[in-house]
Amino acid sequence: MRDAFYISAAVAFVSTLMVIIQKKVVHALLYLIISLLSVAVIFFTLGAPFAAALEVIIYAGAIMVLFVFVVMMLNLGAEAARQEKSWMSPRMWIGPSVLAAILLADMLVLLARGPAFISGGNVVGPKHVGMALFGPYLAGVELASMLLLAGLAGAYHLGRRLKKEELAERETRR
Amino acid sequence: MIFSVPMEEGLVLAWVLFVTGLVGVIVRRDIIFILMSIEIMLNAAGLAFVIAGARWAQPDGQVMFIFIMAMAAAEVSVGLALVLQLYYRRKTLDVDSASGMKG
Chain X
1 MRDAFYISAA VAFVSTLMVI IQKKVVHALL YLIISLLSVA VIFFTLGAPF
51 AAALEVIIYA GAIMVLFVFV VMMLNLGAEA ARQEKSWMSP RMWIGPSVLA
101 AILLADMLVL LARGPAFISG GNVVGPKHVG MALFGPYLAG VELASMLLLA
151 GLAGAYHLGR RLKKEELAER ETRR
Chain Y
175 MIFSVPMEEG LVLAWVLFVT GLVGVIVRRD IIFILMSIEI MLNAAGLAFV
225 IAGARWAQPD GQVMFIFIMA MAAAEVSVGL ALVLQLYYRR KTLDVDSASG
275 MKG
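Top to bottom, those sequences are chains X and Y.
Per the numbering used here, the first sequence starts with residue 1, numbered consecutively.
Per the numbering used here, the second sequence starts with residue 175, numbered consecutively.
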């Protein structure tokens, strides 16, 4: 549906713009999640429900949780508690909530109209995607698994906290 | 009613999102903002793939989107590990503090 597409495209543009002009990381993360959700609604209107579900589960779910974990690890202590108190103020969450409500209304209207309206019935469902993924693109799946393993090993190696003496030794070697 | 995929508008949106992410990478100096902007750019590229796949009603666009997502997950895990290392060593998230190389 064109109108649903335009509405979610507008939400995507506004929220993405808000991401890069925010001062605090957590505010930007909220807007980034809204941006990803609106792109998921766009996928849904385009007749790609599997991509939409993956966008919500993996992008807005898993990857954003990684970001939140790192942000929480970086500021510990009394300052963090004060900051957390300021996050409860309405000024902080009203913008993302309004955008999320627009997306929700968009999605509900789409669902009320019935599935046959979406993309004129040209829906490429999970079955077709899976058959393509494990048919002609099987080599790509293997390469992606190797990439993920390399990413896992790299993150484990880089992310460990160096001990004090190790750090001091590296400083003196400089 | 035959619904045609809004291809031009969709590609314009993908372009706009990509440029927004690119501006974020160039302008911001906080490394977490730079990582988020890279995520925006990857997402815009995936959006372009899905739009092109929907235009011809083929699953290839979604398959490429899944590959892009796997790549983004690997990239962000390594990138966030680098964020932690930068913070442990420099006590700041400013990328300009790590602009010099000692080889």
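One or more hints might be untrue.
[Said to hold, decoys possible] Straight-line Cα separation of at most 25 Å, DSS-like style, residue types lysine-lysine; simulated pairs:
no., chain 1, residue 1, chain 2, residue 2
1, Y, Lys276, Y, Lys265
2, X, Lys85, X, Lys23
3, X, Lys24, X, Lys85
4, Y, Lys265, X, Lys23
5, X, Lys85, Y, Lys276
6, Y, Lys265, X, Lys24
No lab work stands behind these hints: they were computed from the structure.
Right, here's what the structure says about each hint:
no.: 1; hint: Lys276/Y - Lys265/Y; verdict: 19 Å, holds
no.: 2; hint: Lys85/X - Lys23/X; verdict: 17 Å, holds
no.: 3; hint: Lys24/X - Lys85/X; verdict: 14 Å, holds
no.: 4; hint: Lys265/Y - Lys23/X; verdict: 19 Å, holds
no.: 5; hint: Lys85/X - Lys276/Y; verdict: 42 Å, violated
no.: 6; hint: Lys265/Y - Lys24/X; verdict: 17 Å, holds
The structure fails to meet hint 5 from the earlier list, while all remaining hints are met.
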